[in-house]
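Novice: Make the full structure from the sequences, and use the hints.
Number of protein chains: 2
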Amino acid sequence: MSDFPKRLLEDVSGFPTLGPAEAIAEERLLAVIRKHFEAAGYAPLETPLVERPEVLTAKNEGEIASQIYGLRLLNPEEGASDEKDLALRFDHTVPRARYIATHARKLAFPFRRSAIGKVFRGERAKEGRYREFLQADIDAVGHGALSPLHDAEMVAIIAGIFAELDFGPFTVRINNRKVLAALIRHMGGTEDAMPELMRAIDRLEKAGKEKVALALVAHGMQQERARELLDFLPAKRSAEESLTFLESAGLDAEGSEGLGELTEVIRGLEAMGVPPERYTIDLSIARGLSYYTGSVFETQLDEHPDLGSVASGGRYAHLASAYTKESYPGVGISIGVSRLLARLIKAGIMEAKAETPAQVLVTTAERDHLAEYLNYAKELRTAGIACEIYLEEKPFDKQLAFADKKGFPFALIAMKEHFDRGIVILRNLSSGEQQELSPAALAKEFK
Amino acid sequence: MSDFPKRLLEDVSGFPTLGPAEAIAEERLLAVIRKHFEAAGYAPLETPLVERPEVLTAKNEGEIASQIYGLRLLNPEEGASDEKDLALRFDHTVPRARYIATHARKLAFPFRRSAIGKVFRGERAKEGRYREFLQADIDAVGHGALSPLHDAEMVAIIAGIFAELDFGPFTVRINNRKVLAALIRHMGGTEDAMPELMRAIDRLEKAGKEKVALALVAHGMQQERARELLDFLPAKRSAEESLTFLESAGLDAEGSEGLGELTEVIRGLEAMGVPPERYTIDLSIARGLSYYTGSVFETQLDEHPDLGSVASGGRYAHLASAYTKESYPGVGISIGVSRLLARLIKAGIMEAKAETPAQVLVTTAERDHLAEYLNYAKELRTAGIACEIYLEEKPFDKQLAFADKKGFPFALIAMKEHFDRGIVILRNLSSGEQQELSPAALAKEFK
Chain A
16 MSDFPKRLLE DVSGFPTLGP AEAIAEERLL AVIRKHFEAA GYAPLETPLV ERPEVLTAKN
76 EGEIASQIYG LRLLNPEEGA SDEKDLALRF DHTVPRARYI ATHARKLAFP FRRSAIGKVF
136 RGERAKEGRY REFLQADIDA VGHGALSPLH DAEMVAIIAG IFAELDFGPF TVRINNRKVL
196 AALIRHMGGT EDAMPELMRA IDRLEKAGKE KVALALVAHG MQQERARELL DFLPAKRSAE
256 ESLTFLESAG LDAEGSEGLG ELTEVIRGLE AMGVPPERYT IDLSIARGLS YYTGSVFETQ
316 LDEHPDLGSV ASGGRYAHLA SAYTKESYPG VGISIGVSRL LARLIKAGIM EAKAETPAQV
376 LVTTAERDHL AEYLNYAKEL RTAGIACEIY LEEKPFDKQL AFADKKGFPF ALIAMKEHFD
436 RGIVILRNLS SGEQQELSPA ALAKEFK
Chain B
16 MSDFPKRLLE DVSGFPTLGP AEAIAEERLL AVIRKHFEAA GYAPLETPLV ERPEVLTAKN
76 EGEIASQIYG LRLLNPEEGA SDEKDLALRF DHTVPRARYI ATHARKLAFP FRRSAIGKVF
136 RGERAKEGRY REFLQADIDA VGHGALSPLH DAEMVAIIAG IFAELDFGPF TVRINNRKVL
196 AALIRHMGGT EDAMPELMRA IDRLEKAGKE KVALALVAHG MQQERARELL DFLPAKRSAE
256 ESLTFLESAG LDAEGSEGLG ELTEVIRGLE AMGVPPERYT IDLSIARGLS YYTGSVFETQ
316 LDEHPDLGSV ASGGRYAHLA SAYTKESYPG VGISIGVSRL LARLIKAGIM EAKAETPAQV
376 LVTTAERDHL AEYLNYAKEL RTAGIACEIY LEEKPFDKQL AFADKKGFPF ALIAMKEHFD
436 RGIVILRNLS SGEQQELSPA ALAKEFK
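Protein sequences, first through last, are from chains A and B. So for the first sequence, my numbering puts the first residue at 16; every next one is plus one. So for the second sequence, my numbering puts the first residue at 16; every next one is plus one.
Think of the hints as simulated: they come from the structure by calculation, not from any bench. Keep in mind that this is a model prediction, so the values were computed, not measured. All C-beta atoms, glycine included, are put in the ideal place defined by N, C-alpha and C. Every clue listed holds true.
Here are some of the chain A residues that sit facing chain B, going by a computed Cβ distance under 10 Å:
(1) Ala36
(2) Pro91
(3) His118
(4) Arg128
(5) Arg146
(6) His165
(7) Ile400
Specialist: Rendered as structure tokens:
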């Protein structure tokens, strides 16, 4: 058995393992995200990872349809059943739409829900592309109508999360696709070509003006007006300046509707007390996904624009339209946790060093005093201080080497002399500094 | 699009959705489990849900091999790749063994890790059988050796979790398979038949003495001695009585080794301060899985024996033996969260009623005062009080009906008169009781 081929033991491309240090960093991200989702009343909804293929492909989003994983039993027993009817979800949006379509009668609207879990996409493997990844979403869904204040709440929640995560200054960029569409029409873009024109504009930051202008022209715009549009859209303005400008831009009916929504979002953010430097109107944001119909959001870490958007989302007019005639407008955001974590670690914004969630290693130099050591560990834990206790019978220096290797901040030490003196030693493992603590007040003095 | 067939929108059998109330209850379970895992220094290890089939089947556990789901792209693009080499994990044990086999050099042993995540088994669907379920595991793994004190720590962690969950009295039942094997041999069971004899004994509680006796006889034991064994094993004794008895039972070498381990586990639990009524030695516990080689654990809620074991585990001598020649003894426990949650709710031990994680609904009766309402919500959240704010423009009674339907404990209310008087009203939605709060000290007075 032991000559198992080594190459088969490596992670499959696109399906990475997070070792303890990275998993601890991920848990830190998730704890903050979860906290802000909950604080605003977003209830978890845990949809299965497995759905029917028909449900997943009902909306028929070209590219994604070719990335859906179906299931089959590897070694089916005789007479085994219906696995051809199983497939892995590729996002949280489709399962949520299914849930609403089937449970609408018992739900109270607006329905706020969160979803944190794995999704799967059979993309060609390349660097930084995951085929299994963790996504953290929230949505608010109305029945018939949903106030643009919900869009503002999304931005406020993103702002709350990234303020607490403290990765430096960031900006949520807000746009409204109705406004953008009106501006495009104003510059001679046709309704037929609108999805392609939006998709081209969405790539402005990555692809640059030249390439995008070519794409706009290829989809029927005049070169001059295409360039004018691309000069104009990404210009830096405050939210207030943008609103003032748009009011005088002579937008058509749909554009004016979008402007009304956008204004309500900005007024909502002011009322919610979100610091004005944390958001802006960016008319060049489109988001590629065709189902967005109003607000769209992206979030940039100001000092790390190369990371791309760290939290994105938008408004859709009819989220369950594939499954029901009823109208359920929604607005949502999504944080691609796996991708974000990898980028934060790579950019040095998050550390992934300590291989343990514990603050302290309780060393056990004197085997005769095991009961005391176990008691120290118990006291620390009861006080909410995570600690590991070294339970093997090994020399003290081996125990310290273990503590160093795993990256514990502190070691608790008690040798014979310390027991005699009725003290324990707390050693700071990075500075080497030591402190005498009283066993009777261990947790208190540790803090 | 909207005539999507209704039956296709239902959950697939074995792949249930947890609605908000159940998902909130699950999150409560997980928060306690996660806290105790972390407090004792178990680092999260996030292995992918997708593994190579060869890795999953290396140990060739008969029944499970027929339950493994492979993946395939539903609509592969031309030239698409290697999906025949992908399959879904069926437990956390195999991926952990793979991780250790590949990362042993950089790991510090003993290696404590936790894993909380979904696993998949293509069992025939029947009531209460999940094909996708959430499993929460910890393991401690040594290199070459691992002290039985780690086995005791597992029991202590189970005891800590279920004490805090407060589901009533519970008992961790501890046994050692070496001891059980020695007792079986003592009564004439053969080494060849040992796996079957253990498996039969493991079913004692469910199947009853008669059936198990028949199975033992079918596997070569004499009827009288089989009955004697089955009378003797499950007898109620304190841990101390059991140890005393076993010491005088004339166990063979392997049995004595097991007894030494068992004794060390019990002494460890005493030293760890685990209340003695929370654990017992139960000589009839075997655990079906053949890889356990020493300690085995099950946990029973004393008042709900019908729930079965709520946390189980044991010791294995060579956990990565399928992949490496090195010896990595380990001990672990597993909590089948999905199954446990469903049973707890069904038995009325856990409630799954509130459809929201929020304490308060901030109602918005006077649209002109939206900024104030938003400010109340912000203050409550900043103080750690989760609250939802009603953002739609709807009559006040509709807002209260919404609060009732979702099960908020409290509603915050401010009508024109209250703004005039400079107060807000906190209404307890179950008792109807109302209280006047000062907007300036909202969070403080709420608490």
